[in-house]
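Asker: Now for the letters of each chain:
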Amino acid sequence: MSTWKEQLEDQIPADMAVLIDTFEAQIELRKQGKLDEKVFAEQRLRKGAYGQRYDNGQRHDGVRTRELSYPSGELVKGPDTLWDAPGMQRIKIPYGGLTAEQLEVLSELADEYADGILHITTRQDIQLHYVHIDDTPDLMRRLAAVGITTQEACGNSVRNITACTLAGVCHDEVFDVSPYADAMMRFLLDHDDVQDFGRKFKVAFSGCAGHACGLVKMHDLGLLAQTREIDGEIKRGFTVFVGGGLGTVPQQAKVLAEFATEEQLLPLAQAVSRVFARLGEKKNRNRARIKFLVSKLGIDEFRREVQEELKTVPHDDRHTAYLDTLGDFAYQPAKAGMALNGTPLPDGFSDWYRTNVYHQTQSGYSTITLNTPLGDFTSMQGFQLAEVARRYVGDNIRLSVEQNIVLRWVADADLPAIYRELCEIGLGDAGAGTIVDITACPGTDTCKLGIASSRGLTAELRTRLIERINLLPDAVRELKIKVSGCFNSCGQHHVADIGFFGNSRRSGNHKMPHFQVVLGGQWQENAGSYGLAVGAVPAKHIPEVLEALTNRYVAERAEDENFQTWVKNLGRKEIKAMLQPYMKLPNFDDKPEYFSDWGDSRVYTIDDIGVGECAGEVVSLFSLEIARAESAHFEALLALDDGNYPMVDQQAYKAMVLAARALVRTKYLDVGDDYGNIVNEFRSRFYDTELVYDRFAKGKFARYLFKRHNQPPAQVGEDYAHQLIDETQLFIENIHSAEQRINGVIVS
Amino acid sequence: MTIVPNRLGVKFNLKREPALAAADIVPIFQRWIQEHTVDGMLIDVIDYKHVPEGPGVILIADEGDYAYDFSDGQVGLHYIRKRNLPGILSDALLLVFRLALAAALCLEDEAPGDIEFDFSSAKISFLDRQNYRNEQSLYAALQDELSAILAEIYGGDVALERAYDDPRLSFALRVSAQIDSVDGHKLLARLSEGSPK
Chain A
1 MSTWKEQLED
11 QIPADMAVLI
21 DTFEAQIELR
31 KQGKLDEKVF
41 AEQRLRKGAY
51 GQRYDNGQRH
61 DGVRTRELSY
71 PSGELVKGPD
81 TLWDAPGMQR
91 IKIPYGGLTA
101 EQLEVLSELA
111 DEYADGILHI
121 TTRQDIQLHY
131 VHIDDTPDLM
141 RRLAAVGITT
151 QEACGNSVRN
161 ITACTLAGVC
171 HDEVFDVSPY
181 ADAMMRFLLD
191 HDDVQDFGRK
201 FKVAFSGCAG
211 HACGLVKMHD
221 LGLLAQTREI
231 DGEIKRGFTV
241 FVGGGLGTVP
251 QQAKVLAEFA
261 TEEQLLPLAQ
271 AVSRVFARLG
281 EKKNRNRARI
291 KFLVSKLGID
301 EFRREVQEEL
311 KTVPHDDRHT
321 AYLDTLGDFA
331 YQPAKAGMAL
341 NGTPLPDGFS
351 DWYRTNVYHQ
361 TQSGYSTITL
371 NTPLGDFTSM
381 QGFQLAEVAR
391 RYVGDNIRLS
401 VEQNIVLRWV
411 ADADLPAIYR
421 ELCEIGLGDA
431 GAGTIVDITA
441 CPGTDTCKLG
451 IASSRGLTAE
461 LRTRLIERIN
471 LLPDAVRELK
481 IKVSGCFNSC
491 GQHHVADIGF
501 FGNSRRSGNH
511 KMPHFQVVLG
521 GQWQENAGSY
531 GLAVGAVPAK
541 HIPEVLEALT
551 NRYVAERAED
561 ENFQTWVKNL
571 GRKEIKAMLQ
581 PYMKLPNFDD
591 KPEYFSDWGD
601 SRVYTIDDIG
611 VGECAGEVVS
621 LFSLEIARAE
631 SAHFEALLAL
641 DDGNYPMVDQ
651 QAYKAMVLAA
661 RALVRTKYLD
671 VGDDYGNIVN
681 EFRSRFYDTE
691 LVYDRFAKGK
701 FARYLFKRHN
711 QPPAQVGEDY
721 AHQLIDETQL
731 FIENIHSAEQ
741 RINGVIVS
Chain B
1 MTIVPNRLGV
11 KFNLKREPAL
21 AAADIVPIFQ
31 RWIQEHTVDG
41 MLIDVIDYKH
51 VPEGPGVILI
61 ADEGDYAYDF
71 SDGQVGLHYI
81 RKRNLPGILS
91 DALLLVFRLA
101 LAAALCLEDE
111 APGDIEFDFS
121 SAKISFLDRQ
131 NYRNEQSLYA
141 ALQDELSAIL
151 AEIYGGDVAL
161 ERAYDDPRLS
171 FALRVSAQID
181 SVDGHKLLAR
191 LSEGSPK
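Chains as they are written, first to last, in the numbering used here: chain A, 1 to 748; chain B, 1 to 197.
Please keep in mind that the hints were generated in silico from the structure rather than gathered at the bench. We put the CB at the ideal spot given by N, CA and C, even for glycine. Watch out, some of these pointers could steer you wrong.
Listed next, the in silico SDA-like pairs over lysine to any residue satisfying Cα-Cα at most 25 Å (straight line) [to be verified]: (1) A/Lys5 with B/Gly87; (2) A/Lys38 with A/Gly57; (3) A/Lys254 with A/Phe487; (4) A/Lys511 with B/Glu35; (5) B/Lys15 with A/Gly426.
Residues from chain B that keep clear of chain A, each with C-beta distances beyond 12 Å, as calculated [said to hold, decoys possible]: (6) Ala61; (7) Asp144; (8) Ser147; (9) Gly184.
With the hints as constraints, model all of the structure from the sequences given.
Answerer: Shown next as structure tokens:
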């Protein structure tokens with residue numbers, strides 16, 4: 001039987017195939033102890049392969065901390081991250097857009113490599129959990145064959161680019177931002193200028209200012225669609241926001257440019273990336289997001305830096321080439337639009353119609369939201385949904401930042417039929433976007449940083465709220481709840497009416513799971529303002545706190561007073577007084593149930609909290625680039641074993657050029673990918689200056705590269721292949737030594 | 001020789017809907033980890049009971065996962081072996097059958113009279129689309145071999161059918177023993193004799 005690599009060879013784009021092959025080689029190198037664990041960890045994260053809770057080989061079973069003795073023993077895939085420990089695979093879905101075929105492949109992968117569940121994140125990714133690292137190259141190949149990448153889904157790089165799920169069908173948008181999000185994703189993916197960040201970088205697009213849309217004000221880089229008349233012509237462009245973010249120190253983004261034209265969009269994003277890479281914090285990861293740089297410099301100085309940087313950005317045809325293809329971004333509905341009239345309505349349809357259906361700007365069509373509990377759906381539901389999509393909407397599937405699935409371009413006349421079919425596959429729940437549709441990060445279920453069970457609490461609240469949803473006043477029904485398992489805000493608790501994030505308190509000799517209550521955050525206006533933390537409450541009291549808050553809100557609110565205003569008017573002091581009765585800590589002997597978390601019968605402990613990989617290790621740019629060279633050398637060795645000597649020549653030459661490039665880029669970031677250019681720069685900067693000279697061999701090793709570059713072999717035999725492999729190894733060693741010698745002089 | 005799939009699952013369904021709530025399975029599986037009740041390096045419990053017809057509550061282990069599973073609209077114990085499968089298909093099936101059976105019997109002990117499995121039938125899943133495409137032709141090619149292996153496991157004739165016709169889904173079979181009743185304990189005792197670890 002052929003391998004997935006062989007089977008999919010013709011379906012995977014060449015650049016993606018190289019990245020995945022390189023990663024597979026790095027897995028082998030790491031297993032052989034030939035690749036540093038920190039470097040491998042950063043490479044792994046950049047492929048979206050993340051650690052999971054208990055991957056340090058320890059778990060508290062409720063009585064004692066137990067060692068998990070994985071078969072591969074001490075082998076690690078990063079600091080304190082055991083090789084065999086199950087991990088999470090994050091999969092980028094740019095602006096949440098999926099085709100039916102892509103949904104099917106994702107479902108296959110959940111079946112074969114994970115636990116049968118697909119999880120939608122708050123940034124429109126899909127996550128698979130309990131994945132073994134050895135399975136990831138084939139998993140990535142199967143995704144790449146249908147146009148999906150995991151490249152830079154984690155790590156210190158540009159993460160998934162998000163956008164409003166209504167883009168292109170919205171009544172209020174200025175224009176459809178989807179093709180711009182798509183263009184930026186393609187442009188920045190694996191771009192040289194996004195490889196040397198001290199921290200992750202999140203980008204979002206929004207079509208309008210008033211709704212939540214893309215939440216641009218809480219992103220590192222936010223783009224808000226605008227038009228402006230220039231020289232009598234209406235031009236498309238964006239208000240550019242920079243330096244927003246949640247996390248422990250939430251910050252609203254600042255306006256970098258009131259209006260950047262569509263031609264300026266990509267060069268501007270590139271310039272911002274270069275400034276972030278050049279001036280952003282690298283050592284202290286807690287202050288390495290771009291929001292800290294913007295704060296430190298001030299927005300005016302940051303803007304000046306970006307403007308100066310723009311002058312140095314090399315010309316790139318891709319900056320504007322995408323504008324010629326904007327017209328290709330047309331949506332193809334599966335059916336003609338048709339009004340809903342006279343069709344018998346199934347039971348439950350009216351409730352669902354009220355909360356889950358949005359009438360598009362295109363007459364006769366609607367967008368529907370599938371209320372997906374905790375963002376989870378099964379592989380079987382994925383296959384079934386792909387069939388439903390093909391019949392009713394074609395490839396118009398999106399994932400939302402509220403962890404739901406969205407189907408666009410449903411003919412209105414089909415709404416009763418599609419509702420029936422969604423109910424049959426368990427995806428027909430009403431209440432999308434209401435108080436029952438709670439957002440939650442993975443928390444202690446799988447996240448290494450989780451302090452309390454965000455999903456356990458969410459499941460409990462959801463169950464209780466669904467039971468009485470029809471009894472709730474509209475003002476309560478419309479509230480948004482968001483839950484994070486710790487202060488890192490993956491559940492986006494700062495921008496909910498009612499947010500919770502996990503923490504813990506001590507009572508006697510025991511720790512007790514708690515949630516900090518955060519009130520009055522604003523979801524609308526692109527996450528217009530953040531909520532106030534008002535106090536930490538034992539996890540088991542949260543349902544009562546929610547009831548007390550909503551009851552009082554309904555009883556005391558002025559007509560048309562929204563939750564944010566009510567909270568503001570009530571004041572932190574009064575709210576704290578309201579929560580006080582729930583904040584008392586019982587002792588363990590009286591109420592042992594308070595010392596277990598929601599959905600977990602174990603006695604609570606914080607001993608399982610690990611070190612987060614969210615930011616990845618800050619590994620120097622040189623380390624990352626030289627690792628690529630070593631992977632190519634490894635590929636050459638494999639080719640030698642197979643007797644494929646032309647491939648040996650190709651890979652060994654590539655390894656030498658990549659090694660040279662690694663060193664050149666410590667001085668000259670924009671060297672690019674052209675082999676001739678790299679060799680010339682290497683020669684002038686390091687060989688002619690004797691910086692790469694070995695104490696005894698002088699410039700001999702560097703000349704191996706020049707020889708191969710200038711005199712490619714007419715024929716490649718076994719002897720030549722062996723010699724080239726050896727020379728490549730020596731050249732790479734020489735580059736390592738040179739970098740170490742000159743480190744501190746030219747390497748940051 | 002027939003290739004052993006990357007992942008192999010066996011699910012036994014309950015005879016009837018139990019009084020025991022799915023939420024009660026979480027502490028049971030947590031205790032199984034503490035007491036090492038079932039085979040494998042047991043890692044954690046994950047709760048998916050909010051997902052309709054999903055894997056329910058899963059006891060994650062390094063080699064294979066045990067799920068109190070709701071797939072196909074039927075409650076059951078589903079064991080999916082993920083790693084370290086024996087290299088011969090008959091040995092692999094025997095191993096997975098035995099471990100699924102052992103776990104199901106442990107679960108019966110947790111709620112005697114309430115949790116009762118029908119061991120006379122099972123679903124077998126070959127979670128490996130590289131080697132096992134869900135096609136009638138593959139089923140036809142493997143039917144005799146699989147029937148023989150499963151007859152050996154049950155100690156008598158079996159009936160076999162494909163679980164799903166949809167070629168996108170995993171290759172899966174339903175097996176039914178052609179005997180009046182199957183005693184889980186006796187079956188386990190027999191399967192444990194000389195069974196691969």
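Asker: Now tell me if each hint is right for this structure.
Answerer: Evaluated hints:
The straight-line distance between the Cα atoms of A/Lys5 and B/Gly87 is roughly 22 Å, inside the 25 Å bound, and the hint therefore holds. For the given pair, A/Lys38 sits about 18 Å from A/Gly57 by alpha-carbon distance, which is consistent with the 25 Å threshold. Of the supplied pair hints, the one linking A/Lys254 and A/Phe487 holds, its CA atoms being roughly 23 Å apart against a limit of 25 Å. At most 25 Å may separate the alpha-carbon atoms for a hinted pair to count; A/Lys511 and B/Glu35 meet this at roughly 24 Å.
Annotation: proposed proximity of B/Lys15 to A/Gly426 holds, straight-line Cα distance about 23 Å (limit 25 Å). Look at B/Ala61: its CB is around 10 Å from the nearest CB on chain A, not clear of 12 Å, so calling it non-interface is violated. Its beta-carbon lying about 20 Å from the closest one in chain A, B/Asp144 satisfies the requirement of being farther than 12 Å from that chain. No beta-carbon of chain A is positioned within 12 Å of the beta-carbon of B/Ser147; the least distance is around 23 Å.
No Cβ of chain A comes within 12 Å of the Cβ of B/Gly184; the nearest lies about 25 Å off, and the non-interface call holds.
When the structure is compared with the earlier hints, a violation turns up for hint 6 alone.
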